[in-house]
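Participant: Spelled out from the first residue to the last, the chains are:
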Amino acid sequence: MRQKFAKAYLILVFIILYAPILFLIVYSFSQGETMTNYHGFTWRHYQTLFSDARMLAIVANTLLVALLSSLIATLIGTLGALSINRTTKRVTRESLLTLNNVLMVSPDVIIGASFLIFFTMLKIPLGFGSVLMSHIAFEIPIVVLMVLPRLREMSASMLDAAQDLGATTRQLLSQVIVPFISPGIFAGFFMALTYSLDDFAVTFFVTGNGFSTLSVEIYSRARQGINLEINALSGVMFLFSLLLVGGYYWIQQASRKRKHRKREVVS
Amino acid sequence: MTKRKTWLYFIPYGLWLALFVIAPVALIIYQSFFDLGHQFTFSNYSTYFQSATYLKMTLNSVWYAFLITLFTGLISYPTAYFLHQLKHRQFWLLLVILPTWINILLKAYAFIGIFSQAGLANQFLTFIGIGPQQILFTNASFIFVATYIQIPFMILPIFNALDDLNPAFVNASRDLGASNWQTFRRVIFPLTLPGVKAGVQAVFIPSLSLFMLTRLIGGNKVITLGTAIEEHFLTTMNWGMGSTIGVVLIIAMIIVMTLTGDQRPKGGTPR
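For the record, the sequence lines run as chains F and R.
Letter by letter, the first sequence follows residues 1 to 267 in this note's numbering.
Letter by letter, the second sequence follows residues 1 to 271 in this note's numbering.
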């Protein structure tokens, strides 16, 4: 009885979670112009989407910003995690971590508004540059949070061994530390990527007139009403998210397996 | 390893801390003391605290955020609890997280379709005999959609807390004769409270600032702190007042963080 209730409850929650997304995708194949009655199958909206030059340019922009910002954020974040991990004083470490998490907990509007003031004061023009910088900025803390636990797991004796065997700082970093923490780095990169693709509010504040990302474009089109081209876009994006989630899951499983293997070797 | 060399690695991260963490917060506080004519003034704060409109808006925003958090919690706790008893729970958890990877604007857009005059929701209401209602652009639709969007962010920390719970405690409680409900109330719930707190943190603060939802779903009837900030910054260009509301939002955030303790959002899901 209890089991049945639990199952029914979970099924209901999953239906609620997925119904709107499936609803969008189903209507992307409808011949009508609205999301009310299904009018038979068509690829037309996907054809419109893939011949919409403005939309394609925006998709390219979004992907460029996401990839570039995640790469840079991963680099800076990993370096940051390395230096946080090296701090010996507890107070320094705690305050660094607190500062690191400020952007994690701040509401998007605050981040967007304060970055807008920041760019305006420094006379940095709003557009690709400001959006890229903002994305790097709010992605760094999640990279740090993903890399730090791996660094903590690393044993000091391994580093000592490498140094005793004559490794230079650079060798130590590239041959010992980075390979060990690479699952954390990859996880950080993926999280940064999704943060970037998912962001609307911050971009909306710092984007100016000429430059647009997908979220901002969807917002302005959704304000004008239903347009099944957006449904087609959500179909494509859902497929893309599935691939990303699959990739992320695979990385996690791989690192878990490695852990198991390590444990077997130890025992 | 020379100390000086490793210090160099800190430079990019340190620059980020100074330029994109400390400076923006300082700037928003600084900006809140300037009026439209770039004159130093306290008038933004006095306007804010003397205006019934602003205070009512703030209370409203907090009230809606509270409701959204409450509903999210009521739905999410049982979900996390039941989910945790499943066999392939990591896989099911992934399915809970998956919708958060869909752009939030697309989800809001889906509800514009579902809640529209001839949409799915109204077709259902007609079918069960109630007849079509105005659903879109109401406060209820705003709360519904916001709750929908926040559910995964609440499930995740509660699930993690359940995962951290030592099953020996539950077994001990049962062995000592506690009923299922007693075990839940006295053992499981108190021990997973950190997860609930982390979830409240992850849901309440963003709920104060969801301005795109108030526009697309709430039809500008609900004004949250976020909507007000966006309005002042991007429409009326009154940055001073916008920053003042921003400072209020920051203070609200600090209060929530203190009340819910030192739990950081676990797992790090996208916003």
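These are calculated hints, taken from the structure and not from any lab test.
Each hint should be verified, as a subset may be incorrect.
No farther apart than 27 Å at their CA atoms in a straight line, the calculated lysine-lysine pairs in the BS3-like style are these [claimed, not checked]:
| hint | chain 1 | residue 1 | chain 2 | residue 2 |
| --- | --- | --- | --- | --- |
| 1 | R | K107 | R | K197 |
| 2 | R | K107 | F | K257 |
| 3 | R | K56 | F | K7 |
| 4 | R | K221 | R | K87 |
| 5 | F | K123 | R | K87 |
| 6 | R | K221 | F | K7 |
| 7 | R | K221 | R | K56 |
| 8 | R | K87 | F | K4 |
Participant: Please go over all the hints and tell whether each is borne out by the structure.
Facilitator: Structure-based check of each hint:
The hinted pair formed by K107/R and K197/R meets the criterion: a straight-line CA distance of about 26 Å does not exceed 27 Å. For the hint pairing K107/R with K257/F, the CA-to-CA distance comes to about 35 Å; that exceeds 27 Å, so the pair is violated. At roughly 43 Å between alpha-carbon atoms, K56/R and K7/F are farther apart than 27 Å, so this suggested pair is violated. Restraint check for K221/R and K87/R: the C-alpha separation of about 45 Å exceeds 27 Å, so the hint is violated.
Taking the CA atoms of K123/F and K87/R, the gap is near 56 Å; set against the 27 Å cutoff, the hint is violated. Restraint check: the Cα-Cα separation between K221/R and K7/F comes to about 38 Å, which exceeds 27 Å; the hinted pair is violated. With a C-alpha separation of about 13 Å, the suggested pair K221/R and K56/R falls inside the 27 Å cut-off, and the hint holds. The straight-line distance between the Cα atoms of K87/R and K4/F is roughly 15 Å, inside the 27 Å bound, and the hint therefore holds.
Going down the numbered hints, you'll see the structure goes against 2, 3, 4, 5, 6, while the others check out.
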